[in-house]
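S.K.: So the sequences go chain by chain: C and V. What the first sequence shows, in our numbering, is residues 1 to 372, in sequence order. What the second sequence shows, in our numbering, is residues 1001 to 1276, in sequence order.
In case anyone wonders, no lab produced these hints; they're calculated from the structure. Backbone N, C-alpha and C define an ideal beta-carbon position, used for all residues, glycine too. Incorrect hints may appear among the rest.
As the list claims (entries may be wrong) - Computed far set for chain V versus chain C, every beta-carbon distance over 10 angstroms:
hint	residue
1	P1008
2	P1031
3	I1037
4	Q1048
5	T1052
6	S1055
7	W1075
8	L1114
9	P1148
10	D1177
11	S1180
12	F1239
13	T1256
14	Q1264
As the list claims (entries may be wrong) - Cross-link-like lysine to any residue pairs, in silico, SDA-like; alpha carbons within 20 angstroms at most:
hint	chain 1	residue 1	chain 2	residue 2
15	C	K132	V	V1192
16	C	K101	V	E1181
17	C	K101	V	K1183
18	V	K1183	C	D106
19	V	K1135	V	M1119
20	C	K101	V	L1125
21	C	K238	C	D270
22	C	K178	C	E124
23	C	K132	V	R1168
24	C	K101	V	L1186
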Amino acid sequence: MANIVMKNMVKQYDKAETIRNVSLEIENGEFVVFVGPSGCGKSTLLRMIAGLESISGGELYIDDQLMNHRAPSERGVAMVFQSYALYPHLNVAENMGFGLKMNGVDKQEIARRVTIAAKTLQMESLLDRKPKDMSGGQRQRVAIGRAIVRNPKVFLFDEPLSNLDAELRVEMRLQIAKLHHELGNTMVYVTHDQVEAMTLADKIVVLRSGQIEQIGSPLTLYHAPANLFVAGFIGSPKMNFLEGRFRSYQQGKATIELADGQLITLPARDIGLAAASPVTIGIRPEHIALTGDSSHFRIRFQSEVVERLGNATYLFGNSLGTSGFKIHIAGDRSVKLYEDLDLVIHTADCHLFDPQGIAFGIREVPAGDALS
Amino acid sequence: MTQSLQPPRLRLQQFLMYGFLLLSALLSLFPFLWMVISSTNTTADINQGKFTIGSALLENIHKFATLVDLPLVFWNTAKIALLATGLTLLIASLAGYGFEVFRSRLRERVYQLLLLTMMIPFAALMIPLFTMMAKAGLLNTHWAVILPAIASVYIIFYFRQCTKAFPRELLDAARVDGVSEWKIFLFVYFPVMRSTYAAAFIITFMANWNNFLWPLIVLQSTEMKTINLVLSSLASAYFPDFGVVMVGTILATLPTVIVFFAMQKQFVQGMLGSVK
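For reference, chain V alone in the conformation it holds in the complex (with noise of 0.2 angstroms):
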């Protein structure tokens, strides 16, 4: 049907859904673009609520470069994202398939209270949790980042969910033609559910990325820090330079923009639970 075509009533109503959602397009952009422009400005401009593309852009990246070690924090915050990912999917997937494929009344009840603890805010682990990393000695390692974060709840919830949807028959054929339970994950489940895999990394990569609260606490020297406490103790400095303060954040976002968008359809996949 042409737009000419269109009895007004629909048309006013494609109107008003085209218009909200070009509104909330832009107040979701409307951050990373003023974090960009502000990167082009120095703190006095940012202040003074300078929307205009400046000149501070290579001054800015310069103090930036000075203020921080950027290897190694893009390294650490690199290390301890790909660490935890990789481990969560790996824990997370094994713990889902097993759910789902070998039921029995016992694993339902251990599911149920898995699933119950995702209901305990964090606010109230983090105590026990940093008396645990204390007592193991390891506060202020990256590992005391990794570890609680590869327990993920959720990641099992979602890959006992995408389970549902995988295809039975191909557990059985696999079974009767004599192949190991072991090589039925790596080789029949894990090729096949190779969007859910795709969906929980886009998801994992950028919670550990993100991740603030935790490193806080549990990382103390300057060495061991990720991007996100470098930028947070350069944004609370006493004369915080906020055109530095922005050009690190757009650092810190691009390898998240970069996964999500290169993965972005898998994530579709993925979310929609669609198994190939």
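So that you can see chain C by itself, here it is in the shape it has in the complex (with noise of 0.2 angstroms):
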């Protein structure tokens, strides 16, 4: 086990940064995930703490010691990369073996590392099979095992579950969790699947264009998104946006008029915004309901296409100007096309955004659940 220290860390490419001034740190036995859009770095980054990529700039210190100029091999990770990267000319045990054995480790020993992986992952019975003649999840337990036998202090995921399909992926994401529960070592895993995210993660990075846009618990990103691009980013669907201007700031709460005139009133921050200030609204499609009392707001919506999956109904369509707008209603709801309807929401469930798109509503967030 180890903890990772990231301090400025900057890579360049040409003239091109990738990486821009990433600091963060990563605690023993924690189980990071950098998630974020494709071209955000985030397994760039991850290339450099293996050491497959060099750092530009900044420093990066495994178990407090500095590795900016340490071989891979020297850092003390384990990688699984997105396309398995096994050894096709070799059978399982070779593959998990291959590291150990060039390293010039004795036989006996290297055996007895690839059976207890083997036993680990449950994958006895595929030790003579070559890459070829299995299953792509198998494969990945197979890589997998490779990381184990390494006994290393981190372990590194590059997007490990992308190229197995959505029932695989459920089956493998459990078996890392599994693994991670069992072992305890500090793992880094990179997705840009953030249904992954929020169910492995003790702790997740958001990356946008090199740079760290938040760093939380999985609840803290849900319930109190950092800026509009986190917002959007966490949670499926996507969190519907409405435009709306500020209007004044008493005791703590911010007084925001809607597109239809309507005056919302929500818990914020003093941001020292002027009277008309454009700010943004911020609801969940899991959030909105066809049905409340008098502490909700209303908006009219007019949906445009329906989506019935049984154990939930999905709306899109048109509200206060804002076309693309997402209801999730659980369970099975008969709902036509281009029906009006009145959309009922929880100030609660609010989030304001100002002009330059920072949180700046106050949020709750679930009792017991680690904020930073």
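If you follow the hints, you should be able to join the two separate chains into one complex; please do so.
M.R.: Here you go:
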């Protein structure tokens, strides 16, 4: 087990900066997920930790030792790749023991470690098979097994489930969660899938364009996103955003005028906004109802697309001049196309963002959840 | 779709295509057929254009064995071909791998310069090469044939192109596993790229086995000569015995035919750029 500390890490390709002043601390035994859209630098950052990419600036510490110029094999890390990266000419046992063999480890020791890893991952019957004779899930388990035999301080996962089908992804996600629980190693996991991030992580790092947008627990990011980007990235379907105007601030609450002239009051920080400043109100699709009491406010909605999944109903349409407005209703509801509906929203479920897209609403995070 | 259900136009197209392919196959095979039939005939019969199996095969073989020290000539040719091929594959694969995996601006410039040298015809290189071999004291030795052959830019280019299809994650995985770069090349790259090596082996072996002009220039004594030089001298005699020459040609062609057919599958895989 080891901690990882990144101080102002920078990665430059020619004159383009792909990682910009990233500072982050990962505690011993923590499961941290780097999440973000394609091209945000999450894999680059992971590869910098692994030593597969050089560090253009800043410092990287693993287990309190500076690693900037150390070879990958000297960092105490093991990596699981998106494409499994299994040696096609070797069978499972040979794949898992390859690194140890190349480094002169005793044959018996290799066999012992391979056996333990195979048992952990329930792969004893696969040891003689070649990668081409295995399914995607099996190959991924071999890749994880190859990482386990090295007894690393840190496990690095680079989108390991991306190439698997939906059902297998769920199964492997559980395996990885179980592995973390059993081994307790520090794990850094890269994914663009927020469901993986939300279910696996102790801490999520949301990246965009090489910079950290927010670091926090899954529920912190869900309930209190720091800006429009994080708010829109976390949660599926994506959060709805409505335009509004700031009117006044009083006793810890901001009064916002919606596009239909309605005034709503939301708990917020006083950031010195001028009256009539444009603000954005965020509402998650699952926090919108069709019925409510007087503590809620109402907005008009016209449905354009209805998706009935049996256990849930999704409505897509227009509201207050915003197209692409989404609603998630539990259970099966029959809604006609182009039907006008009154949507009911509780102010406690609203998010508030200033003209620069920074959250200034005061949001509650569920008790017992670590907020950072 | 069965033959009878195909529209007439499609059937005509197929007929023309197969007809063309058959004709091409016959044209390609004809020289071999001629060679085999001629090896069974006397010179007189060959000059008269006889295209049927004769009865002079044993006589021609006996004459060839008498005129040519077959074991020595085959040994010379095989030694040159195998050494040149082995060294070419070693150097070209390392170079191609290096150019593709360890990229830098300087290396790209060097690579481009190497590619430019492919445009220089061999005729322009002969004299400076001859001078080099003479100064090195290598004339009339097999190394004079082998050394110029191993610097094959075409094979470097071929390996570099094939390395583009090599999965980079394997290199990353090996590096994280603590495997040194040399061991990565030997124990990861080489086994995965076997079909590429096989295709390169066939191309290079055939080129070296069939090499004629340069050995003709640098190999002067009889005991150094290769099978192609020996056949050439037999064919250019005052009264050439073509039946004997054909026997020699069959024997000279056999190794390359055997190598090609033995490694045909790998050759196709290698040329298609398929990685294991």
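S.K.: Now tell me if each hint is right for this structure.
M.R.: How the hints compare with the structure:
Every C-beta of chain C lies more than 10 angstroms from that of P1008(V), the closest at about 45 angstroms, which supports listing it as non-interface. The beta carbon of P1031(V) sits about 40 angstroms from the closest Cβ of chain C, which is more than 10 angstroms, so the claim that it is off the interface holds. Residue placement check: I1037(V) keeps its beta carbon more than 10 angstroms from all beta carbons of chain C (closest about 46 angstroms). The beta carbon of Q1048(V) is kept farther than 10 angstroms from every beta carbon of chain C, the shortest such distance being approximately 57 angstroms.
The beta carbon of T1052(V) sits about 52 angstroms from the closest Cβ of chain C, which is more than 10 angstroms, so the claim that it is off the interface holds. Even its closest Cβ contact with chain C, about 53 angstroms, leaves S1055(V) beyond 10 angstroms, as expected for a residue assigned away from the interface. Separation of W1075(V) from chain C is adequate, the least Cβ-Cβ distance of about 34 angstroms exceeding the 10 angstroms criterion. No Cβ of chain C approaches the Cβ of L1114(V) within 10 angstroms, the least distance being about 25 angstroms, so the stated non-interface status holds.
Even its closest Cβ contact with chain C, about 34 angstroms, leaves P1148(V) beyond 10 angstroms, as expected for a residue assigned away from the interface. Here D1177(V) does not stay apart from chain C, with its beta-carbon only about 3 angstroms from theirs, under the 10 angstroms limit. The claim that S1180(V) lies off the interface is violated: its Cβ sits roughly 8 angstroms from the closest Cβ of chain C, which falls inside the 10 angstroms cut-off. Residue-level check passed: F1239(V) sits 57 angstroms from the nearest beta carbon of chain C, beyond 10 angstroms.
Interface exclusion of T1256(V) from chain C stands, the closest Cβ pair being 28 angstroms apart, more than 10 angstroms. The claim that Q1264(V) lies off the interface holds: its Cβ sits roughly 21 angstroms from the closest Cβ of chain C, which is beyond the 10 angstroms cut-off. Distance restraint check for K132(C) and V1192(V): the Cα-Cα separation of roughly 13 angstroms lies within the 20 angstroms cut-off, and the hinted pair is therefore satisfied. Taken as a hint, the K101(C) and E1181(V) pair is honoured in the structure, with Cα atoms around 15 angstroms apart against an allowance of 20 angstroms.
At roughly 11 angstroms between alpha-carbon atoms, K101(C) and K1183(V) fall within 20 angstroms of each other, so this suggested pair holds. Taking the CA atoms of K1183(V) and D106(C), the gap is about 18 angstroms. The hint holds against a cut of 20 angstroms. At most 20 angstroms may separate the alpha-carbon atoms for a hinted pair to count; K1135(V) and M1119(V) exceed this at roughly 26 angstroms. Pair hint K101(C) plus L1125(V) does not hold up; C-alpha atoms about 47 angstroms apart against a cutoff of 20 angstroms.
Pair hint K238(C) plus D270(C) does not hold up; C-alpha atoms about 27 angstroms apart against a cutoff of 20 angstroms. Note on K178(C) and E124(C): the hinted pairing holds, with a Cα-Cα distance of about 18 angstroms set against a maximum of 20 angstroms. About 18 angstroms separates the Cα atoms of K132(C) and R1168(V), which keeps this hinted pair within 20 angstroms; it holds. Pair hint K101(C) plus L1186(V) holds up; C-alpha atoms about 14 angstroms apart against a cutoff of 20 angstroms.
Hint violations for this structure: numbers 10, 11, 19, 20 and 21, all remaining hints satisfied.
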